[in-house]
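Put together the whole structure using the sequences plus the hints.
Protein chains in written order, with my numbering: chain A, 116 to 282; chain B, 59 to 699; chain C, 11 to 121.
Keep in mind that a hint or two might mislead.
[As the list claims (entries may be wrong)] Below 30 angstroms or equal to it, Euclidean Cα-Cα: the simulated DSS-like pairs (lysine-lysine) are: (1) K234/A x K71/C; (2) K420/B x K218/B; (3) K61/B x K120/B; (4) K232/A x K71/C; (5) K649/B x K637/B; (6) K591/B x K420/B; (7) K247/A x K71/C; (8) K362/B x K218/B; (9) K82/B x K218/B.
Note that these hints are calculated values from the structure, not bench results.
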Amino acid sequence: MSTTEILFFFLSALALFSASMVLISKNPVHSVLWLVVTFFAISGHYILLNAQFLAIVNIIVYAGAIMVLFLFVIMLMNLNQQNEPQKNLWMKLAGVISGGCFLMVFVSLVRQALEIKTKVAMTTGGDIGLIKNLGRVLFSDYVVPFEITSVLFLSAMVGAIVMGKKD
Amino acid sequence: MSKLVYLIPLFPLLGFLINGLGRKSLSKSLIGIIGSGTILASFVISLLVFFDVKANGASVIKLFNFIQIKGLIIPFAFQVDQLSSLFLLIITGIGFLIHLYSTAYMHEEEPQHFGRYFAYLNLFVFSMLLLVLGANYVIMFIGWEGVGLCSYLLIGFWFKNNNYNYAAKKAFVMNRIGDLGFLLAVFWLIFKLGTATYIDVFAQVGQLSSFDITAITALLFVGAMGKSAQIPLYTWLPDAMAGPTPVSALIHAATMVTAGIYMIARSNILYTMAPGTQSLVAMVGLATAIFAATIAIKQNDIKKVLAYSTVSQLGYMFLGLGVGAYTGAVFHVMTHAFFKALLFLGAGSVIHAMHHEQDIRKMGGLKKYMPITHITFLLACLAIAGIPPFSGFFSKDEILMAALAKNPIYYYLGLGGALMTAFYMFRLYTLTFLGGFRGTHEQEHHLHESPSAMTIPLIVLAILSVVGGWVGIPELFAKDAHSLEHFLAPIFAGSTAMAEQHHLEPSQEWIYLLGSTALIIVVIVYAINSYKKYQPTTEESTGLGVVLENKWYVDELYDAVIVNPLNAVAGFFKNIVEKYVIDGAVNGVGKLVGYGSRQLRLLQSGQVGNYLLIMVLAIVVFVLVWFNDITIVYYLNRLFN
Amino acid sequence: MPIQYYIYLCLALFSIGVIGALTRRNVIIVFMCIELMFNAVNLLLVAFSKMHYGIASISDKASTVGTDGQLFVFFIMVVAAAEVSVGLAIIVMLFRNTHSVDINFLNRLKN
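Structure (structure tokens):
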């Protein structure tokens with residue numbers, strides 16, 4: 116078992132465990148923290164795939180900005196374990212079963228897909244994930260969508276301020 | 059010259075368009091000039107075409123293909139031959155006189171309605187011209203429908219009166235019944251022969267089985283029954299008197315009712331080959347002739363008498379067709395057009411003078427107030443009664459002689475009808491023009507001769523009524539004097555060759571001629587004498603008189619046998635089927651949808667969680683269905699084992 | 011690494027997100043689960059991008075196949091960030107009005 120494989124399985128186990136913990140935790144703050152752990156694990160996967168740019172962006176944007184935003188909101192609302200709303204047991208069971216069906220069906224779908232049987236995702240090598248290469252493509256081929264995202268951000272910002280305003 | 063034949067129907071069509079579209083802006087005099095002028099132009103061209111045909115024979119002018127589908131071509135073509143050119147002359151000539159007359163008769167109408175009137179009149183003439191000129195049954199059918207439509211429009215011209223509208227509707231429905239027969243016959247022809255063009259049909263007629271030919275001719279005759287007002291579809295024609303009087307003249311003389319005669323004369327070969335139908339035609343014609351004549355005796359409305367007289371005369375024409383005297387029938391169409399147009403226009407003149415009083419019991423003594431109308435009316439009466447040498451004598455005599463040759467019973471019944479014709483015509487004449495005036499004082503004060511636009515057509519028609527018969531002088535009087543027969547010979551050549559010839563001895567013929575003429579004169583004298591001193595009485599007529607006054611109760615019979623059951627069925631459908639079945643189905647669908655949506659609405663719980671659950675399950679189902687292989691099940695099994 | 015591994019991992023993560031969205035009533039947790047699903051998809055996109063690059067780079071060392079996939083991930087992150095800012099603003103407003111984060115109270119769509 117090579118180092119890459121060990122890392123892969125470790126990160127996968129970590130991601131799945133922490134993702135499960137997001138659901139299991141009763142306290143919303145814990146959920147947020149477990150989600151941050153999940154994002155770190157996924158960033159580790161990105162590094163393993165030599166997608167360095169995305170790994171950094173994932174940590175900065177997701178684990179940093181977005182999750183902090185979540186935390187702020189939770190703290191703002193003063194949510195904690197006591198007033199956490201709970202679904203009844205049957206609804207939970209139904210949710211788990213349907214989610215399980217979802218997983219089963221797709222797994223069996225992937226298992227019967229013959230053309231990806233032999234395919235391999237290139238790890239540790241390949242430099243398309245480097246900032247230099249991605250940036251070149253982003254500012255040449257994708258410059259218009261890139262500019263449009265700035266408009267999207269602007270409108271999102273305006274929208275968030277308008278809605279958050281106390282009126 | 060025949061190349062210009064398309065102009066003949068084109069002019070009235072243009073007149074129709076101009077008058078119809080410009081009826082609100084054109085002045086009355088201009089409308090009158092356009093309306094009459096277009097017909098006059100058509101008449102001039104018809105004259106040229108007539109002489110061209112006389113000199114150069116028949117031709118077919120094809121304009122374009124009207125219908126072109128696999129194995130069937132129906133060209134829009136005009137048949138220019140002896141028969142159609144003769145009818146062209148009658149239609150446009152008499153049509154023109156009636157248009158001219160109308161400019162004065164309808165002068166009290168508002169300009170807008172005046173324009174509408176002339177537009178309809180022009181369209182009427184156009185349709186009839188199309189009917190006569192068409193070189194196949196389909197084009198004929200277009201005109202056939204066109205005259206039906208125009209008669210509807212014109213009978214209901216004064217549409218503010220509901221009774222007139224009912225009369226118009228009646229005419230239309232009766233015509234439709236006949237049209238169905240005609241249409242079926244045309245389909246049958248096309249089905250069997252693959253063509254509707256006259257020349258081809260008549261050439262291939264030998265291929266038809268005797269059943270086919272009998273059925274086709276019988277169905278065509280049903281069409282003729284409707285259009286030419288024969289038993290049992292005649293009741294619309296007397297009711298058609300609701301329209302303005304010149305319209306009646308047009309319907310009775312030039313257009314419309316002669317269409318049936320024309321059609322059978324045109325298809326004479328078919329009828330000659332179907333002796334069964336021919337006898338039917340003769341019998342229906344004869345029955346109509348006598349039946350209508352009996353009704354006419356007891357009618358008191360001046361126009362109704364004339365209407366029943368037309369029905370009766372049409373019966374004679376069908377009798378002629380039925381006994382194979384095609385020339386005689388066409389001849390009678392022509393002379394009848396002259397004197398019947400004259401009678402109607404004269405009646406119109408009388409009605410005009412009497413301020414729309416139509417009851418002859420309230421007239422009388424008009425002789426001294428309206429000399430021109432009186433003289434011309436008298437000439438027309440003599441003509442229709444069949445007094446030599448007026449036109450009606452020759453044509454009626456020709457038909458009766460042919461009937462005598464075929465079957466003496468036809469002759470005697472026909473002669474009885476002719477005597478009745480003489481009687482009711484001179485009853486009408488006497489009550490209207492002789493004796494003392496029986497109307498109100500005010501009416502008497504206003505009595506006057508009509509303007510010249512009305513009297514000129516009367517005079518022209520009177521001359522034609524007198525001399526019109528001289529184109530068909532029987533061989534009895536002079537050898538080869540029957541110029542009409544020679545002229546029309548090519549049309550009826552096929553039938554003449556096929557039919558067996560009956561010839562009477564000249565001496566016998568003389569006896570019949572003189573005898574019938576003497577009888578008619580006796581009847582006329584009797585009629586004049588018995589009605590000269592007529593005074594309106596209040597006493598009810600009895601026995602047969604009541605039956606005749608009520609037109610043999612035919613309208614009531616139709617009401618009881620056809621109209622009321624139909625109404626009952628319609629009422630059943632309206633009240634039961636419509637209400638419970640159709641409405642029930644429609645409302646039921648509505649209710650079902652409403653119920654279903656109320657149930658489905660429950661799914662819209664508004665709970666985001668439920669929506670999510672349903673979405674996920676739907677994705678699962680979707681994937682299972684989309685990748686519907688057994689392999690999924692197989693792998694699912696492997697997953698668990 | 012074989013691509014199936016990544017697919018299974020991502021499917022598992024995604025399913026966990028789905029189950030979370032189905033079982034929890036807290037709006038914020040549901041929202042976080044949606045973020046989790048985003049990330050599962052992102053990881054899959056990167057894995058596939060590297061798979062295609064790996065195939066292409068055998069014949070062409072300078073190949074840039076796969077950059078599109080990674081840029082797509084970038085754009086997803088951008089959109090997710092915008093979505094989160096607006097979404098949290100909405101949640102804050104709702105909380106201000108209803109004093110609850112229970113999605114079962116958010117059934118105004120019913121009427």
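Verification of the hints:
Distance restraint check for K234/A and K71/C: the Cα-Cα separation of roughly 19 angstroms lies within the 30 angstroms cut-off, and the hinted pair is therefore satisfied. About 26 angstroms separates the Cα atoms of K420/B and K218/B, which keeps this hinted pair within 30 angstroms; it holds. Restraint check: the Cα-Cα separation between K61/B and K120/B comes to about 10 angstroms, which is no more than 30 angstroms; the hinted pair holds. With a CA separation close to 24 angstroms, the supplied pair K232/A and K71/C stays within the 30 angstroms bound.
At roughly 16 angstroms between alpha-carbon atoms, K649/B and K637/B fall within 30 angstroms of each other, so this suggested pair holds. Distance hint between K591/B and K420/B is fulfilled; the C-alpha atoms sit about 13 angstroms from each other, no more than 30 angstroms. Distance hint between K247/A and K71/C is fulfilled; the C-alpha atoms sit about 16 angstroms from each other, no more than 30 angstroms. Among the hinted pairs, K362/B with K218/B is consistent with the structure: their alpha-carbon atoms are about 21 angstroms apart, no more than 30 angstroms.
Restraint check for K82/B and K218/B: satisfied, since their Cα atoms lie roughly 19 angstroms apart, inside the 30 angstroms limit.
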